[in-house]
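Chemist: Take a look at the letters that make up each chain.
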Amino acid sequence: MTYIVNGEAVESAAVTLSELLTALEYEGEWLATAVNGELVHREERSACRLSDGDRIEVLSPMQGG
Amino acid sequence: MLELYGTQVTSRLLLGSARYPSPAALAEAARRSGTEIVTVSLRRETAGGRTGGAFFELIRGLGVRVLPNTAGCHSVSEAVLTAKMARDLFGTNWIKLELIGHHDTLQPDLFQLVGAARILSADGFEVFPYTTDDLVAGERLLAAGCKVLMPWCAPIGTAAGPQNVSGLRAMRAEFADIPLIVDAGIGRPSHAAAVMELGFDAVLLNTAVAGAGDPPAMAEAFAEAITAGRKAYHAGLLAPRDMAVPSTPVIGKGVFA
Numbered sequence: 000m001t002y003i004v005n006g007e008a009v010e011s012a013a014v015t016l017s018e019l020l021t022a023l024e025y026e027g028e029w030l031a032t033a034v035n036g037e038l039v040h041r042e043e044r045s046a047c048r049l050s051d052g053d054r055i056e057v058l059s060p061m062q063g064g
Numbered sequence: 000m001l002e003l004y005g006t007q008v009t010s011r012l013l014l015g016s017a018r019y020p021s022p023a024a025l026a027e028a029a030r031r032s033g034t035e036i037v038t039v040s041l042r043r044e045t046a047g048g049r050t051g052g053a054f055f056e057l058i059r060g061l062g063v064r065v066l067p068n069t070a071g072c073h074s075v076s077e078a079v080l081t082a083k084m085a086r087d088l089f090g091t092n093w094i095k096l097e098l099i100g101h102h103d104t105l106q107p108d109l110f111q112l113v114g115a116a117r118i119l120s121a122d123g124f125e126v127f128p129y130t131t132d133d134l135v136a137g138e139r140l141l142a143a144g145c146k147v148l149m150p151w152c153a154p155i156g157t158a159a160g161p162q163n164v165s166g167l168r169a170m171r172a173e174f175a176d177i178p179l180i181v182d183a184g185i186g187r188p189s190h191a192a193a194v195m196e197l198g199f200d201a202v203l204l205n206t207a208v209a210g211a212g213d214p215p216a217m218a219e220a221f222a223e224a225i226t227a228g229r230k231a232y233h234a235g236l237l238a239p240r241d242m243a244v245p246s247t248p249v250i251g252k253g254v255f256a
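From first to last, the protein sequence lines are chains D and L.
Numbering that gives the first Met the number 0 applies: residue 0 is where the first sequence begins, and numbers increase by one.
Numbering that gives the first Met the number 0 applies: residue 0 is where the second sequence begins, and numbers increase by one.
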């Protein structure tokens with residue numbers, strides 16, 4: 000399936016959000032995720048089933064003023 | 000002591016974490032400023048979660064409270080989702096709400112700001128809104144649930160210092176019991192002292208420290224200026240006069256002619 004991850008098209012066989020993060024080698028606890036504009040909590044990622052064309056945002060802390 | 004949403008802090012300097020020449024410079028600037036609150040942001044992660052993690056470990060090591068922001072957001076939906084993601088990540092209800100309305104001045108969009116503040120406050124967030132010195136906007140933000148206001152004194156990153164002193168003074172008078180933090184536009188310690196002399200409760204700085212030749216030394220200079228301005232405000236400042244007044248008494252002066 001094709002997912003839009005942080006604005007880039009990604010082909011993946013992953014079915015859930017947690018599988019997709021693993022497939023894309025995201026690791027560490029400092030990630031926040033959203034699918035189609037809705038927050039997905041860390042503990043909900045393994046139950047979050049994705050659909051073709053879903054827009055996924057993966058954010059992490061960075062410097063800010 | 001300054002109380003922000005029930006949290007008491009001693010330092011009246013809130014420090015941004017961006018644009019430092021190195022992580023070590025940020026850490027040392029934070030330490031020498033004495034700050035207890037550091038602002039952070041969220042961005043798309045491109046390195047598998049490792050870049051942001053390393054940065055946040057540095058922030059955690061400072062032993063400060065974090066104030067996540069919604070920098071760069073231009074719509075209510077964008078700001079609300081960013082705030083929710085920040086809460087999920089940082090585990091705090093605090094959010095510095097930025098809703099940019101103008102590309103050149105980075106002026107906040109006050110109309111959308113009030114709408115986003117209402118949604119977030121109702122959802123349990125403790126909102127620190129980046130606003131202007133507009134009194135009506137301030138009233139609307141308080142009605143939306145905000146218990147702190149953060150007006151600019153000049154556009155972000157300009158280092159121009161207070162551009163509308165009478166507007167800031169009016170804001171202080173209007174919102175006598177609300178914590179007011181000047182956020183954006185401060186360039187020099189004297190600017191920070193000036194707004195503290197007006198009775199503002201704190202100052203949020205970033206570029207003026209991070210862009211200095213020696214950020215840790217500048218952070219310390221700002222901390223001293225903020226303390227001095229606060230003391231001066233409490234000590235009771237003399238009102239300016241148009242005419243000269245001799246400081247040395249003239250009564251009893253010798254007559255030699």
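Derived by calculation from the structure, the hints in this document are not laboratory data.
Misleading hints may appear alongside valid ones.
What the hints assert, rightly or not - Derived CB-CB ranges, DEER-like:
hint	chain 1	residue 1	chain 2	residue 2	range
1	L	Ala-172	D	Arg-48	51 to 59 Å
2	D	Asp-51	L	Ile-177	33 to 41 Å
3	L	Gly-62	D	Arg-41	40 to 48 Å
4	D	Val-9	L	Ala-121	48 to 56 Å
5	L	Pro-239	D	Glu-7	57 to 65 Å
6	D	Met-0	L	Ala-121	31 to 39 Å
7	D	Ser-11	L	Ala-53	36 to 44 Å
8	L	Ala-53	D	Glu-10	23 to 31 Å
9	D	Gly-36	L	His-101	20 to 28 Å
10	L	Glu-2	D	Ala-12	51 to 59 Å
11	D	Asn-5	L	Pro-239	51 to 59 Å
12	D	Gly-52	L	Ala-158	41 to 49 Å
13	L	Ala-169	D	Glu-28	41 to 49 Å
14	D	Ala-22	L	Leu-141	45 to 53 Å
Just so you know, even glycine gets a beta-carbon here, dropped at the ideal spot from N, CA and C.
Chemist: Would you pick out the hints that fail for this structure and give their numbers low to high?
Modeler: Violated: hints 2, 3, 4 and 7.
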